[in-house]
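Colleague: The primary structure of each chain is shown beneath.
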Amino acid sequence: MSFEDTADPTTDTESLADSPAAGLDDTTTRRGTGRAVIAARGIDVRYGDTQALSDITMDIPEGMVTALIGPSGCGKSTFLRCINRMNDLIDTCHVDGELRLYDKNVYDDDVDPVALRRKVGMVFQKPNPFPKSIHDNVAYGLNIQGYDGDVDARVEESLRAAALWDEVKGQLDESGLALSGGQQQRLCIARAIAPDPDVVLMDEPASALDPVATSKIEDLIDDLAEEYTVVIVTHNMQQAARISDKTAVFLTGGELVEFGDTDAIFENPDSERVENYITGKFG
Amino acid sequence: MARKGFQRQLVELRENVLYMSEIVLERMRTGLNALETKDESLANEVIEGDHEINELYLELEQNCIDLFALQQPVAGDLRFIAASFKIITDLERVADLATNLGDYTLEATRDMYPNVDIQGIGNAVIEMVESAMTAYAEEDVDACFEIDGRDDEVDDLCERASSIVVRDLIETEIDDGSSDEEIETLMTEVSRLLLTIRDLERVGDHAVNIAARTLYMVDNSDELIY
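Chains as they are written, first to last, in my numbering: chain A, 1 to 283; chain G, 1 to 226.
Don't read these hints as lab results, they were simulated from the structure.
Quick reminder that beta carbons are idealized off the backbone N, C-alpha and C, glycines included.
Accuracy of the hints is not assured; some may be wrong.
[What the hints assert, rightly or not] One-sided and incomplete, this derived list gives chain G residues near chain A with beta-carbon spacing under 8 Å:
no.	residue
1	Arg3
2	Gln72
3	Val74
4	Ala75
5	Gly76
6	Asp77
7	Leu78
8	Arg79
9	Asn220
[Unchecked claim] Cross-link-like lysine to aspartate or glutamate pairs, in silico, DMTMM-like; alpha carbons within 25 Å at most:
no.	chain 1	residue 1	chain 2	residue 2
10	G	Lys4	A	Glu275
11	A	Lys281	G	Asp219
12	G	Lys86	A	Glu275
13	A	Lys281	A	Glu255
Please take these sequences and the hints and turn them into a complete structure.
Modeller: Pasting the structure below:
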């Protein structure tokens, strides 16, 4: 079930955005403002009795690509799904700690998860366009939130931003399901950015795609970071190295072992455990 | 240990770089010996053997490129391959300089000028390369800094030697009665001696380069690079 299905078009989302958060350390990066758009403090996640994340504290910088890497079961996708409260959909999941989007704790009682998910869009591993036209896929979130602007213009803008417009502009009324896998994934990205979110979460967005389609997605992520904060989970460490500004390494036990500039992580990690993981000395 | 094939390739690369350094150092010793003894056969041995080192260099360079392309190394593995990639270039240049010593031997028309300790300088820079390769093999950071310090001493030795060559040979062996032919011959010898000193000094520089890349490999530090 996708979060749009329960959307409330009357929800005011402005309280979740447009306010600065505590600044990050002054690190040299190729872009971004340096301030934190997401600030996690002591995040613990359990699925029933199983600890999935343990005491995660990190600041995700605005306007950059942050990659979450680590072996299977390390909790990186769980953390991603904490950011837009997708874990709320799992009955046994229990989250402790504070996770701020700008200055608002997204786990505060007064936060509407549906409104949150318009500010924090998500793209999944497998392309999941709705069984609707290309146009309506992109317009879906806009219509639900009661967007009062020019929907068609916003659809075009989103498809252009997702590097798909030139390929589909003559077939906007055709089904999104008729597109190739790579095009479907870019359609999903267009759908995610149409409501103009602050953050785009991506959970292995290219893992089901061939190398050419993967390259297009990677180029697109680079472009998206000019406008949005992107957080991506990937099992492909070379992909993380290619496309991200910051990398967070989660290891077994749901522990965030190291978080820093991507070039530093891949050239000279501080942690021997991270060194052993990224060099493939253990899985 | 995962990626066993890759780990085995890294071990082989290290062994091959060390093997290349042994050959290069042997060529340097032979070149220095040829210079001292004016032994043309030794000089030719060094000159003719250079292609073997060039081929080894190209082979190891390709090995490094393959590892970059196919294994996409990161962290310590990346720094090891990157450092090795640079170090084999320095070793190949040292071999070229050894070849120069062979050329100078064949071109020489007189014995090496006794007031200039070419052998002492030569042995010093050979020891620097040996130490640098030991530091690479043993990942010895302290030795890298020690080698860098020795280079200053070698530079001083070379500067003094060059002064002696210019001052002594030109001032003492040229007088009003010297013929043009004598002067031209002497100037050729002076040039050859200065080039010899310069080449040996450059071998020391390459030793420092190897130490610098080793320091980067071990500690991710660029402190000795340039």
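Colleague: All hints are to be evaluated individually against the structure, with a verdict given for each.
Modeller: Going down the list of hints, with the structure as the test:
1. The beta carbon of Arg3 of chain G comes within 4 Å of a beta carbon in chain A, closer than 8 Å, and the hint placing it at the interface holds.
2. For Gln72 of chain G, the interface hint holds, the least distance from its beta-carbon to any beta-carbon of chain A being 5 Å, beneath 8 Å.
3. Satisfaction of the interface hint for Val74 of chain G is found here, the shortest Cβ-Cβ separation to chain A being roughly 4 Å, below the 8 Å cut-off.
4. Among the interface hints, the one on Ala75 of chain G holds; its C-beta lies about 5 Å from the nearest C-beta in chain A, closer than the 8 Å criterion.
5. The closest approach between the C-beta of Gly76 of chain G and any C-beta of chain A is roughly 6 Å, which is under the 8 Å cut-off, so the hint is satisfied.
6. Against a cut-off of 8 Å between C-beta atoms, the interface hint on Asp77 of chain G holds, since the closest Cβ of chain A lies about 5 Å away.
7. The criterion of a C-beta within 8 Å of any C-beta in chain A is met by Leu78 of chain G, whose closest approach is roughly 6 Å, and the hint holds.
8. Because the smallest distance between the Cβ of Arg79 of chain G and any Cβ of chain A comes to about 7 Å, under 8 Å, the interface hint for this residue holds.
9. Contact between Asn220 of chain G and chain A, as hinted, is supported at the beta carbon level, the nearest pair being about 4 Å apart and thus within 8 Å.
10. Only pairs whose Cα atoms come within 25 Å are accepted, and Lys4 of chain G paired with Glu275 of chain A is accepted, the gap being roughly 16 Å.
11. Simply put, Lys281 of chain A and Asp219 of chain G have alpha-carbon atoms about 19 Å apart, close enough for the 25 Å limit, and the pair holds.
12. With a C-alpha separation of about 23 Å, the suggested pair Lys86 of chain G and Glu275 of chain A falls inside the 25 Å cut-off, and the hint holds.
13. For the hint linking Lys281 of chain A to Glu255 of chain A, the alpha-carbon distance of about 19 Å falls within 25 Å, and the restraint holds.
Checked against the numbered hints listed earlier, the structure breaks none of them; every hint is satisfied.
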